[in-house]
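Chains A and B, in that order, give the protein sequences. Going by our numbering, 194 is the number at position 194 of the first sequence; the sequence numbering is gapless. Going by our numbering, 378 is the number at position 378 of the second sequence; the sequence numbering is gapless.
Be a bit skeptical, because a hint or two may be false.
Label pairs and their in silico Cβ distance ranges [claimed, not checked]:
| id | chain 1 | residue 1 | chain 2 | residue 2 | range |
| --- | --- | --- | --- | --- | --- |
| 1 | A | 225 | B | 498 | 46 to 56 Å |
| 2 | A | 225 | B | 62 | 50 to 60 Å |
| 3 | B | 522 | A | 63 | 49 to 59 Å |
| 4 | A | 104 | B | 522 | 55 to 65 Å |
If you are wondering where the hints come from, they were derived from the structure by calculation, not from laboratory data. Glycine included, each C-beta is placed from N, C-alpha and C at the ideal position.
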Amino acid sequence: MGNKTPQNHLTAEENVCWACHHPRGTGHLCRYCSVLQPLLNSENRFSVMGLSPRLNLDFSSLQRTFYELSRNYHPDFYQTRTSEEKSISEAATAMINTAYETLNDPIRRVEYLLTLEGMPAERGESKPPMDLFEEILSMQETLSDYREAKLNKTANLDLAQAAVLKTNEDLESRQKGLAKRLEALSLRWDALLDSSSTIHKPDSEEKKKILTELRDTLGEIAYLRTVLRDIQKTIETRS
Amino acid sequence: MGRVIGIDLGTTNSLAAYMEGGQPKIIPDLDGHRLVPSMVTFTPEGVVVGEQAKQLRAENVGNTIYSVKRLMGKGIGEVKAELTMVPFQVSDQSNEVIRITINGHDYTPPELSALVLKQLKTQAEKFFGEPVNQAVITVPAYFNDSQRQATKDAGQIAGFEVLRILNEPTAAALAYGLDKKRQGIIAVYDLGGGTFDISILKLNNGIFEVLATNGDTRLGGDDFDRAMTEIILHEMESRYGNGIRQDPKLIERVRIAAEKAKIELSFQLQTELVIALEDGKKSYRRTLTRNEIEDLIRDHVSKTAEPCRQAMADAKLTPDQIDEVLLVGGSTRMPLVQQTVKALFKKQPKCELNPDEVVALGAAVQAHILMGEIRDMLLLDVTPLSLGIETFGGIMSKLIERNSKVPTSAKETFTTFVEGQTIVDIHVLQGERELVNDNQSLARFALKGIPPMPAGIPRIEVTFHLDANGILNVSAKELHTGQEQSIEVKPTYGLSKTEVERMIKDSMVHARSDIEARQLIETRNEADAIIRATEKALRDYSTLIHEKEQKKITTALERLTLLLKSEDRHQIRQAIQEVETLTRPFAEAIMQKTVQEDLKGKKLSDVL
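Between the sequences and the hints, there should be enough to build the whole structure, so can you do that?
Pasting the structure below:
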């Protein structure tokens, strides 16, 4: 319910075929002259895939839409057509590909929603989870002990390594917790969308609150990811 | 519209395929050869390509070019080490593009590759008896933009309209999944003569979706040959002294022997290596075992592991989620390679299609899709490398991530730093590293004709579009005026548009003289055949002809024999006609006699 945006509201301009100026219909080819038409519903990456900006998606239905759209617009099928159709096909497919890739990745999906809602999580901005402050400090110590032990080949190398692995495990379970939180927030967001309609605007307080929490959670995930990568690197450079 | 073919332009061998009755088939040459060695040799008589060039390679060392693919789209600095190991000379004039000097002329890698492509084109035209002008040409999936562009240039120089630059492992997947019954996740492990690719695909009802790709464009059979050559030369030095390395012909013979031994050791456990020394009397002999060469190449083969792991990680898959592993490329015939693949993916790899041919076959399938002949198959491919631009402090800022599906676009807005500035430079890069210098420089774009405004006011939106070939197109628009900006492109390691156009023209001029040369050779061959046939007839059937006539024919034959060395095709043709006219009554007499013998003791009705 409410997952699909209506596809039959074309603006006057969209309604007419660029080539023959007859009403084009809602398909990818003009109903009248069968020439390829620009992508409909291209306002945003959700609408491209025929979706409203919900965060819980059914992967197999997303993939089905992606394959269908690809079969309609992919440049491979327009090689022998006019140069106009070729460029429409290139542009439409680029849009379809980006939309699919964005929505297919749970993190990128949230990131994109935040941009759409005017609250972009800045690129590369990672926020240290403050409640992790002490753990991070001790992790730094563990890591530097380990590096030193490795460098000097001291006897407590095994011990240091065990400590690093333990920290790694802790942070990974922490990361899993954050993913759960993101899931819960996503459900809240979708519930908010479902409860609203054209008459009932979504509660703007609640909306802002969810978006802010989503953004903070993304920041923490990004932060932890960087830390985990650092640990991985340290473990991998064995000698 | 003519025929469309699929071409696998390989490091070691190249081949072409076409579709017949819904199945891809290899186009053989007149002698039935399916593979054309990617070799070109320059002789005083002209350019020789393919099998003949391979025969001449030891003799004509220095003028014989091979493994050009590893130089495509590369700058001289990148392949310095590579070039010390090949027996041809690189011009001092090499800057953005490598130039190889042969007999005082410089040739770029696309021009040399074009000679191989043209050979395939001629072969296909002979096969079909009609012109072939359009082709799908394959490249390693891990080729960057410059390497793809160089391959496209080569196709154009050879006289093709290049319909698509297609990734080799995906081409292989197309050939493999042609029957559409195949479903699920497959990995294509492609180790050829010069390059390595790994691609992971999802096959779903005729859709071939590439999930991730990775590779190494400088890893392949060539490296194995080199490692072996090095060891053999080392042993020869200790036996026969340091002079060994001063003899390029000998080094070339060693290389050929090493390659041969490597191939044999895929099927047997040991082989005998025999290399003739310069004096012609002595030979270097040695037994080589499979274990020995496996020890030599193990490090090279291990280098394929990391790209495989990275591709699986990018596709978010573990080995047990991959249903099948497909082997492509001649080097996958080696047992060590197969064991490595098995260990990496935890399953027995498949090699049911000929690993030398499967890429060309897939290219033919893709050509058919592009011509609209197949509607139920679709390949969705990705770009192998991240694309970005240089920002402050020599950092690369990524605009398109690796393994993004193509075509894809990214937009970035630029502005000016100085009042009245009318030009903005953009440096485009490809690669995964942080720093500009660690990545591959693709091109510098100059945005020109920006309306003079205070600093920071112009807003130029630049669109970076990677097309279905994985080739970059850049366009720009000034947002205030909505005006399209002109862009001047300077490829870092590539030919400019005008250079390519000149080369296409040159090759057409040469094409004419090439045709001349071929016709001369064909006429000579014809004359030769006539001389031999007539001489034989004169011996066998001398009773059927008067002595006077016989003398006339003999004189004409002598004249034709003398003319065999002539450069004038028409003169030879005339002499041929003279012989034919003189021998016609003789030929008729012979034919009568043959029929009479056949008819002896038979009624005419028995024969009819």
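Here is what the structure says about each hint:
In this structure, residue 225(A) and residue 498(B) meet the distance hint of 46 to 56 Å, their C-beta atoms being roughly 48 Å apart. For residue 225(A) and residue 62(B), the hinted distance range of 50 to 60 Å is satisfied, since their beta carbons lie about 54 Å from each other. Checking the proposed 49 to 59 Å range against residue 522(B) and residue 63(A) shows it holds: the Cβ atoms sit about 57 Å from each other. Range check, residue 104(A) to residue 522(B): Cβ separation about 59 Å, and the 55 to 65 Å hint holds.
Violated hints for the displayed structure: none, as all numbered hints are satisfied.
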